[in-house]
Amino acid sequence: MTGNGQDYDGPILECKDLCISYFTRAGEIPAVIDFNLKLHRGESVGLVGESGCGKSTVAMAIMQYLGGNGGIVGGQVLYKGRDLATFSAEELRQLRGNEIAMVYQEPMASLNPSMSLGRQLMEVPIYHEDVTEAEARERALEMLASVKLPDPERVLESYPHQVSGGQQQRVVIAMALLSNPTLLLLDEPTTALDVTVEAGIIELIAEIAERFNTSMIYISHNLGLILATCDRINVMYSGVVVEEGTVKEVFDEMRHPYTKGLFGAIPLPGADKQSRPLVPIRGQLPLPHERPLGCFFGPRCDHFQEAECGSGRIAMSKVGATGHRVRCSRWNKIDWASYRPEGLGGDEIKIGEPVLNIRKMRKYYEIVDNSIAAMIKGDRIKYVKANESISFDARESETVAIVGESGCGKSTFAKVLMGLETATDGEVVFRDQDVANFPVQSRAPDMVGSVQMVFQNPFDTLNPSHSVGSQLARVIRKFGVERERERVEQRVLELLDLVKLPRDFARRRPRQLSGGQKQRVGIARAFAGNPAMVVADEPVSALDVSVQAAVTGLLQDIQRTYRTTLLFISHDLSLVRYLADRVVVMYLGHIVEQGTTDEVFSPPYHPYTEALLSAVPIADTSVEKKRIVLEGELPSVMNPPKGCPFNTRCHRKLGEICETTEPPMVEAGPGHQIACHIPLEELRRVDPVIKIPKQEKAQPAAE
Amino acid sequence: MSDQTIGVPSGEPAATLFFKRLWRAIERLVDAVLLLRESVVGMVGAGLVAFWVIVALMPGWLAPFDPLQTILPLQKPFAPVPDAAGGGTFWLGTDLLGRDVLSRIIHGARQVLIYAPLATFCAYFVGVPMGLAAGYKRGWVDDVVSFIANVILSFPILVLYVVIIATIGASAFNIVLAVTFASAPGIMRIVRGLVLDLRNREYVFAAETRGESNWRIMLVEILPNARGPLIVDSCLRLGYVIITIGVLGFLGLGLPPPHPDWGGMINENRAMAMSFPHMAVFPCLAISSLVLGFNLLADGLREIALRD
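If you read the protein sequences in the order shown, they are chains U and X.
For the record, in the first sequence the residue sitting at position 59 is 43 according to the numbering used here, with numbers rising by one throughout.
In the numbering used here, each number is its position in the second sequence, counted from 1, plus 713.
By construction, these hints were calculated from the structure, which means they are not laboratory data.
It is possible that part of the hints are untrue.
[What the hints assert, rightly or not] With a Cα cut of at most 20 Å, we get these calculated EDC-like pairs of lysine to aspartate or glutamate:
id, chain 1, residue 1, chain 2, residue 2
1, U, Lys22, U, Glu(-2)
2, X, Lys850, U, Glu350
3, U, Lys462, X, Glu915
4, U, Lys344, U, Asp418
5, X, Lys733, U, Glu470
6, X, Lys733, U, Asp488
7, X, Lys850, U, Glu405
8, U, Lys462, X, Glu925
[Claimed, not checked] Label pairs and their in silico Cβ distance ranges:
id, chain 1, residue 1, chain 2, residue 2, range
9, U, Pro276, X, Ala738, 35 to 41 Å
10, X, Pro969, U, Gly52, 52 to 58 Å
11, X, Val854, U, Asn514, 33 to 39 Å
12, U, Tyr367, X, Val854, 23 to 29 Å
13, U, Arg9, X, Arg741, 17 to 23 Å
14, X, Glu751, U, Pro276, 28 to 34 Å
15, X, Leu890, U, Gly464, 40 to 46 Å
16, X, Ser988, U, Arg9, 50 to 56 Å
17, X, Glu751, U, Ile351, 48 to 54 Å
18, X, Ser1002, U, Gly464, 55 to 61 Å
19, U, Gly362, X, Val854, 25 to 31 Å
20, U, Thr406, X, Val854, 18 to 24 Å
21, U, Thr406, X, Phe886, 46 to 52 Å
Each residue gets a CB set at the ideal place from its N, CA and C atoms; glycine is no exception.
Given the sequences, and given the hints that come with them, work out the whole structure.
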């Protein structure tokens, strides 16, 4: 055993030409090819890439956890200079959890629901270090305090379901740190969490690395998070590292066309839908057994040259002296300065007359409490106030974004609008018709057809039992767009053209489509009835970065053509800033701020908007960002705080008035409303959260 | 529901389209069988079932004697057939009344393979809509349906059969009725469980936002996606129904004699089964091999379903 000794000063972890394959019925599938990594003490390396690029497989190989059908087929993993393949099963068991710890994506799935958190935490030192129960408990308490959990004693006694998702993830991190590991693997540790909670976890991870001098491997698809947490970065594509180097090198002087493409496809603060549009990467990730010869990125690359890129394995070439390397045979031949990819932009859209007016809409859910205590007290009926006094307008061909974290009532609002629920109070006027109290069955077909929805999860949005064509045809018939069979079929093909899918997809089944393609069909379905308004509920959040831009652009294009009103529900503020004309910020069922995108994204802010903005990770080294980490947890809608809904977490709380009186809607400008007690003048004086350097903004998208 | 099957927009006449669809259905069936080939267990099950299906299809060809004809009582297996009756061998012996056991088993297969699937189908026909309604509508519909199901399921199953058959009389139709009554609640529970999961899928929401009717959502959007587990369950359930029909026959509540009913054969020969075990053992083997066949087939289907 190498032990936990501080005397070892070589690299903690070294992967040398690591090749990992999975063995399936179809034969050997190489998942990771030629992976090299050197990790020193206290260093953190980010692995970034889209789904299926092999980043989690690398983590599993380091843990020696590949499972029955996976195996290392070449190269070595050296831990403190010793090949992991030479470790015995017992040594590996000691290594895992003691020296190498892992934090997974889903905190609820990594905790045992039938054991108290205290017991699960205490197990670690008891198993690995043979300490007494009392000492283990002491250490667990200490660690819970150092991951900044309020009231560690109470958490120790709780079961996983009794604490929130963010707290669960903190417990998991505490558990990983308990044995003071040398190496910490984090596999998308914040993907399942809300953005303000994520900010807290990210800050914690950065602090831990500093304090415990732990080496970290941080796996993520989010470049912004890598920037916030890592020293070095490995960009992976289809099983190979395409670019590696320090975060600064890769972010500022990226060389590989794929890395370049990724940065062009994510909405950075400087992007703008007219002047600096997003540039999607065309095509899609090849399946492992369908990888092209030569450069794997070749078919999607604008700089592809058959002679240089089309055959043989492309090796890593050195770019800088510090270990900035890139897997591209033409990296020094590409002329980036004159490269102007075609973006998704278009002409400015003229916004028309209001289509939707919502006036003081409320939606309460009734919950009957059958406990004896409630019966005695006589308050058996409780209300979940999902939406409280929602008022806003949406105009023709306008994009209105509704922003907020989970539980803020944005989905409930969508349900009322679609007629799946009826409003408790207030008006929802759509084209001069109040639909607040009409469930969808009692609406006229053309009314139903004119408000349609794009859903979040591409793997769930299409019925797996029916062909794509039949699902589209059903919508066309249902809304009475066409009735004759021939015409319906013709319209199905037109819809596929509209979302840029090949026509023969009509007879395919959803399982034969990729996530992005399914989402395109979902969009086609929403537009089948020629809707006046489309509600898009996080339409791209489940898609890979390179596909996100294409789907977003498509949505925009169609909206522009049909002058559709788009209600864009999202938690991704970067995307909202890029896409939306107006923004509505919601918190616990209340609208706390609304206005045009520019108004909402610059002072005066509502304190919640300010916190939300600061929580968004931004993949741009030149952007300066104010750090505001919200204290506490999102209160339950069953028992919302009195006064201002945000008072329990607000960093600018004035005092008693916030706890007792609901804040008034203050007009900060025409149409820009903020619900806060703080005087407007004071809010105006707040520094902007995100500072974009001027010269950066002037430069074109490609560089 | 023509809009469910279109997908290849074309100007072909309906007849060609129909045959194309039929051909595609056959192709899919063949594909399914080819898939099953990868599961050894499933193939053994399919083989056993296929064996009995063939037997049931042509009992007249396979059976050496008329199942109702009394020839020579109490002959052991491999006993010679008297020349008066045509010569040969009683491969599985004869029963108390002198009827050829092999012939009776062969003819009995047809009874089982008609009534067991029929009863299972009827149970599904009743149980599936109940489960769909309970799982999708929830609320009072769920409460009522679940309550009825719980009441039925709380009866000892055998007592329930005896009571039903004793009340309405022993006949093939009544057996189907009794099995339906007793199995539907179990099917309802399975379907309800599946629907509770499927109703939260986004394609169901999409159908709701189009204003589709409840029955359309249940039958077109939800039910097809529950088919995997239901196919496996139906194979298992078919096995239980075969046992049930056997048990009913044994209790004298099955098909009225002299029909060659496997359960009934065991019952008829019970008195002499100690001295002449073959009269009871062979019908038992017939039942268990068929049930085993269906169970293994279900296992194989599940194995394949899990893999893809």
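Against the structure, the hints:
no. : hint                               : in the structure
1   : U:Lys22 <-> U:Glu(-2)              : holds (5 Å)
2   : X:Lys850 <-> U:Glu350              : holds (18 Å)
3   : U:Lys462 <-> X:Glu915              : holds (18 Å)
4   : U:Lys344 <-> U:Asp418              : holds (13 Å)
5   : X:Lys733 <-> U:Glu470              : holds (18 Å)
6   : X:Lys733 <-> U:Asp488              : holds (17 Å)
7   : X:Lys850 <-> U:Glu405              : holds (15 Å)
8   : U:Lys462 <-> X:Glu925              : holds (8 Å)
9   : U:Pro276 <-> X:Ala738: 35 to 41 Å  : holds (37 Å)
10  : X:Pro969 <-> U:Gly52: 52 to 58 Å   : holds (56 Å)
11  : X:Val854 <-> U:Asn514: 33 to 39 Å  : holds (36 Å)
12  : U:Tyr367 <-> X:Val854: 23 to 29 Å  : holds (25 Å)
13  : U:Arg9 <-> X:Arg741: 17 to 23 Å    : holds (20 Å)
14  : X:Glu751 <-> U:Pro276: 28 to 34 Å  : holds (30 Å)
15  : X:Leu890 <-> U:Gly464: 40 to 46 Å  : holds (45 Å)
16  : X:Ser988 <-> U:Arg9: 50 to 56 Å    : holds (54 Å)
17  : X:Glu751 <-> U:Ile351: 48 to 54 Å  : holds (50 Å)
18  : X:Ser1002 <-> U:Gly464: 55 to 61 Å : holds (57 Å)
19  : U:Gly362 <-> X:Val854: 25 to 31 Å  : holds (30 Å)
20  : U:Thr406 <-> X:Val854: 18 to 24 Å  : holds (20 Å)
21  : U:Thr406 <-> X:Phe886: 46 to 52 Å  : holds (48 Å)
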